[in-house]
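*Asks:* Based on these hints, arrange chain W on the given structure of chain B.
First to last, the sequence lines map onto chains B and W. So for the first sequence, the numbering used here puts the first residue at 1; every next one is plus one. So for the second sequence, the numbering used here puts the first residue at 1; every next one is plus one.
Be a bit skeptical, because a hint or two may be false.
Treat identical chains as interchangeable: a pair holds within one or across any two.
[To be verified] Dumping the calculated SDA-like pairs for lysine to any residue here, alpha-carbon to alpha-carbon at most 25 Å:
(1) K96 / I202
(2) K262 / L291
(3) K186 / P238
(4) K102 / Y86
(5) K262 / T286
(6) K96 / R142
Hint data in this document are derived by calculation from the structure and do not stem from the laboratory.
There are 2 protein chains.
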Amino acid sequence: MNIRENLLQMFKQAGGEFISGEEISRRLGVSRTAIWKHIEEFREEGYVFEAVRRSGYRLVFAPDVMIAEEIKVGLSTRVLGQKIYYYPSIDSTQNKCQELAKEGAPEGTLVVADQQTEGKGRLGRVWHSPPGANISMSLLLRPALELQKCPQLTLLTAVAVVETLHEFCGISAQIKWPNDILINGKKVCGILTELNAESDRIHSLIVGIGLNVNTLPEHFPEDVHGIATSLRIEKGEPLRRVPLLQQILTRLEELYDLYLAKGFAPVKKRWETYAVTIGKKVTIRTLQGSLSGYAEGIDESGVLLVRREDGSVTKVYSADVEIHG
Amino acid sequence: MNIRENLLQMFKQAGGEFISGEEISRRLGVSRTAIWKHIEEFREEGYVFEAVRRSGYRLVFAPDVMIAEEIKVGLSTRVLGQKIYYYPSIDSTQNKCQELAKEGAPEGTLVVADQQTEGKGRLGRVWHSPPGANISMSLLLRPALELQKCPQLTLLTAVAVVETLHEFCGISAQIKWPNDILINGKKVCGILTELNAESDRIHSLIVGIGLNVNTLPEHFPEDVHGIATSLRIEKGEPLRRVPLLQQILTRLEELYDLYLAKGFAPVKKRWETYAVTIGKKVTIRTLQGSLSGYAEGIDESGVLLVRREDGSVTKVYSADVEIHG
Numbered sequence: 001m002n003i004r005e006n007l008l009q010m011f012k013q014a015g016g017e018f019i020s021g022e023e024i025s026r027r028l029g030v031s032r033t034a035i036w037k038h039i040e041e042f043r044e045e046g047y048v049f050e051a052v053r054r055s056g057y058r059l060v061f062a063p064d065v066m067i068a069e070e071i072k073v074g075l076s077t078r079v080l081g082q083k084i085y086y087y088p089s090i091d092s093t094q095n096k097c098q099e100l101a102k103e104g105a106p107e108g109t110l111v112v113a114d115q116q117t118e119g120k121g122r123l124g125r126v127w128h129s130p131p132g133a134n135i136s137m138s139l140l141l142r143p144a145l146e147l148q149k150c151p152q153l154t155l156l157t158a159v160a161v162v163e164t165l166h167e168f169c170g171i172s173a174q175i176k177w178p179n180d181i182l183i184n185g186k187k188v189c190g191i192l193t194e195l196n197a198e199s200d201r202i203h204s205l206i207v208g209i210g211l212n213v214n215t216l217p218e219h220f221p222e223d224v225h226g227i228a229t230s231l232r233i234e235k236g237e238p239l240r241r242v243p244l245l246q247q248i249l250t251r252l253e254e255l256y257d258l259y260l261a262k263g264f265a266p267v268k269k270r271w272e273t274y275a276v277t278i279g280k281k282v283t284i285r286t287l288q289g290s291l292s293g294y295a296e297g298i299d300e301s302g303v304l305l306v307r308r309e310d311g312s313v314t315k316v317y318s319a320d321v322e323i324h325g
Numbered sequence: 001m002n003i004r005e006n007l008l009q010m011f012k013q014a015g016g017e018f019i020s021g022e023e024i025s026r027r028l029g030v031s032r033t034a035i036w037k038h039i040e041e042f043r044e045e046g047y048v049f050e051a052v053r054r055s056g057y058r059l060v061f062a063p064d065v066m067i068a069e070e071i072k073v074g075l076s077t078r079v080l081g082q083k084i085y086y087y088p089s090i091d092s093t094q095n096k097c098q099e100l101a102k103e104g105a106p107e108g109t110l111v112v113a114d115q116q117t118e119g120k121g122r123l124g125r126v127w128h129s130p131p132g133a134n135i136s137m138s139l140l141l142r143p144a145l146e147l148q149k150c151p152q153l154t155l156l157t158a159v160a161v162v163e164t165l166h167e168f169c170g171i172s173a174q175i176k177w178p179n180d181i182l183i184n185g186k187k188v189c190g191i192l193t194e195l196n197a198e199s200d201r202i203h204s205l206i207v208g209i210g211l212n213v214n215t216l217p218e219h220f221p222e223d224v225h226g227i228a229t230s231l232r233i234e235k236g237e238p239l240r241r242v243p244l245l246q247q248i249l250t251r252l253e254e255l256y257d258l259y260l261a262k263g264f265a266p267v268k269k270r271w272e273t274y275a276v277t278i279g280k281k282v283t284i285r286t287l288q289g290s291l292s293g294y295a296e297g298i299d300e301s302g303v304l305l306v307r308r309e310d311g312s313v314t315k316v317y318s319a320d321v322e323i324h325g
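Bound conformation, chain B alone (with noise of 0.2 Å):
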């Protein structure tokens, strides 16, 4: 951890009580002059510290701003999230991150902002994301895998994502294959799998997700009134989003520790369980054009299987999906 990171660590374990700059000073062999421009750095983003005299600093309110040193503090991932980027605004994570990946950032590289100005869905969609209102991640994975397996992992962040919903605010949520997670019925959040490669080799993959934490109705933009929601809506009250990534980072490195070691098999299962896609009767819409049919499930590798009339199995790789109840 660096200076910062240790700083507000300190603040935080010392649970509102005072430091003193002797003590600060001392712990993490820095001057008080270099301590006092930390705090007012800090500041600047929103933090408010009391500071009396002889009894030193306290950590009255931090903001829930995912800078890297609000993210690391606490922060139990082995990988994930251990370089993180943040930006106040940017034109799309993936974009960035597909840079650090060029430039060979490593494997858990994290891009994340508080607002995406070209944020990119599926398919060359666009994804919104307004200001200081929810999440917009990019997470660099480097897995040593044919190309062939990439589409589970974008089922497998599916997985981390409704876990994490369960786990942090009791929220269940489903599965819409391939990645869309709804709650209601209603899209809270999106995934998109990015990968550069070769055609025998993975270089890296570029895993984005986009969730609607606390965006209240009017933030929605005209054309997703009605299908979108997002968890303040749904929980009826605002969330921090630092506790929740940091929990998306651990669930997420748990289910791809357990997918390199075990295989898609024991990830599959557990995305059956959510996805609300499976035993429906769906029309699917892809670039070739549309076919209805039942969807009976997925294969091995994260692929549709769908039951047409005459009985026969169509395979769908890549698609839109309308359930009819």
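*Replies:* Using the frame of chain B, we list chain W on its own:
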């Protein structure tokens, strides 16, 4: 075609005969000064023109330089190579083509270089390309295909190169799975396929071809002596690169169209007739370790099938293959 291309075409069609300034100026609708300027440019690139008062100009010699105009004139493709970027020297045609892809370059965009300073091979290896001797090219494709099918395009490209070599200079080359092209057991060409994609859609596919055309034995670095060769070494005479490149593009487009229309089956058949790997005892080295067995063939997705001692068949996605007679 632009003016430079039209001008070059006129001179080539004239077959060494004189064309008057008036005629050129009339047919191309540009001033005689402009024509003179263009001819001077061509001279700087190694073209030799004879200029005689009242008769005009005639093309005496055209160098074997892979500039866009030289490739375009007489190129019969519909899509491939319709947009060409030529560089006397560049770090890597793959990297440049990746950039162009990100900027939205159209399918068929070709990046070709006379020399690569950081030529890329498969699995992060180096590809040697000394100045002036070889063809270093990267082609941008944008097929509406699932990720899973990408390896098929590496095999398709190998077929196109082998068939071109046979047509162009009567050489019978073999393919060593997945992407080495050999003449008498020595490597003459390497193919590298890279892609950018979503988990369910290919954004861009960069097909790189490094072909040793006029390399002489002394050109090869120590580490590839005895295992690398060139067309010149095998034929005992130098070859012109431009017509060879044009023929590769033509054959590649023909196979690509066939593939998009009829799928991998017809390409697979042709690949198998050139494959030196199939039906041999092989040792496979993968990221996970090495194994020995009998190379039975490739499956529908281009994966190598290796039958083990115990009769089981292992699917090989990525590996170095050593062939034991």
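*Asks:* Run every hint past the structure and note whether it holds.
*Replies:* Hint check:
Taking the shortest Cα distances, K96 and I202 sit within 25 Å of each other both inside one copy (19 Å) and across copies (20 Å). Taking the closest pair of Cα atoms, K262 and L291 come within 25 Å of each other only across two copies (21 Å); inside a single copy the shortest separation is 34 Å, beyond that limit. Taking CA atoms no more than 25 Å apart as the test, K186 paired with P238 passes inside one copy only; the shortest distance there is 18 Å, against 67 Å between copies. Both within a single protomer and between protomers do K102 and Y86 lie at most 25 Å apart by alpha-carbon distance, with minima of 18 Å and 24 Å respectively.
Taking the shortest Cα distances, K262 and T286 sit within 25 Å of each other only across copies (19 Å), while inside one copy they are farther apart (32 Å). Taking the shortest alpha-carbon separations for K96 and R142, both the intra-copy value of 16 Å and the inter-copy value of 23 Å come in at or below 25 Å.
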